[in-house]
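Student: Heads up: the sequence lines are chains A and B, in that order. For the first sequence, the working numbering assigns the number 4 to the initial residue and increments by one for each residue that follows. For the second sequence, the working numbering assigns the number 4 to the initial residue and increments by one for each residue that follows.
Among these hints, one or two may not hold up.
As the list claims (entries may be wrong) - Covered by chain A, according to a simulated footprint, are these stretches of chain B (three or more residues, beta-carbon under 8 Å):
no. : stretch
1   : 43-49
2   : 71-81
3   : 113-121
Keep in mind the hints are simulated off the structure, nothing from the lab. For glycine and all other residues, C-beta sits at the position ideal for the given N, C-alpha and C.
There are 2 protein chains.
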Amino acid sequence: MKFQKLVLGSAATVLAMCAGQAYAQFQKPEDAIKYRQSVYTVMANSFGKIGGVVKGEAPFNKDEVAKNAAIVSMMSTLPWQAFGPGTEGGKAQHAVWLDNAKFKAASDKMQLTVADLNKAAQSGDLESIKKAFGAAGATCKGCHDDFKKK
Amino acid sequence: MKFQKLVLGSAATVLAMCAGQAYAQFQKPEDAIKYRQSVYTVMANSFGKIGGVVKGEAPFNKDEVAKNAAIVSMMSTLPWQAFGPGTEGGKAQHAVWLDNAKFKAASDKMQLTVADLNKAAQSGDLESIKKAFGAAGATCKGCHDDFKKK
Chain A
4 MKFQKLVLGS AATVLAMCAG QAYAQFQKPE DAIKYRQSVY TVMANSFGKI GGVVKGEAPF
64 NKDEVAKNAA IVSMMSTLPW QAFGPGTEGG KAQHAVWLDN AKFKAASDKM QLTVADLNKA
124 AQSGDLESIK KAFGAAGATC KGCHDDFKKK
Chain B
4 MKFQKLVLGS AATVLAMCAG QAYAQFQKPE DAIKYRQSVY TVMANSFGKI GGVVKGEAPF
64 NKDEVAKNAA IVSMMSTLPW QAFGPGTEGG KAQHAVWLDN AKFKAASDKM QLTVADLNKA
124 AQSGDLESIK KAFGAAGATC KGCHDDFKKK
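The shape of chain A in the complex, shown without the other chains (with noise of 0.2 Å):
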């Protein structure tokens, strides 16, 4: 009976454990939440700028693009870390925790375009910027519409 409390508690332990890896540095389920949001009002205020140029409202400036771009490559790759087991919640669906490899797709997908964005951006040419900045736009979206609340 020891014995068994003892194995019991080990795997509590355990299961404990690898669940709170996955968000090990966040110490609750919000700040989680907090993060991967933050991280999205970010990403999207210069990805909103870059469309302003692509959507000519603004005036093309090649290092504030530049700049914008690489901002947006950062960000792209820092959510997914907060969406670990345990994190449920935000505006979140929670297609992301049960098709989780489809989400991990989509997420590739969105980096490689954004990265493509960023490559467009640094040489400066506005025609491969309007078309990265289109595909990236797309990927976004398709993400949103598949994982995230409406």
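Chain A is fixed; fit chain B onto it per the hints.
Tutor: Frame of chain A, contents of chain B only:
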């Protein structure tokens, strides 16, 4: 009288334009507050991870520290655009706007120490990282003491 009205009207328009320019990218003051808080959240997360290494609570992974320092460095350049006139609120003390020169000086100082931290992190020398981390942390604290609500 008609002329006077016109002049006053134009002056008001110009004033509104100038005031608006500082946070032209933000449609509402709340958007500016949300943006700057998001930047600080992302920055604090990466700074905290480096802190874990500096305090010996986490293993020293050069690449991880270099990435986190690059994030902190990039984030350090972003929040200031979101402290424009009319964006008072959130966790910011009124001193940000009442003594804007002092706030600007504190923000410049922080960016310099964070750039030093990034340089140390890219070099991969833990002793330099520890030293630069302490200096950067002190500028965070200094600014928070004067400009952030308790």
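Student: Let me make sure I understand: some of the numbered hints might not hold for this structure. Which ones are they, in numerical order?
Tutor: Hint 3 is the one this structure does not satisfy, whereas the remaining hints hold.
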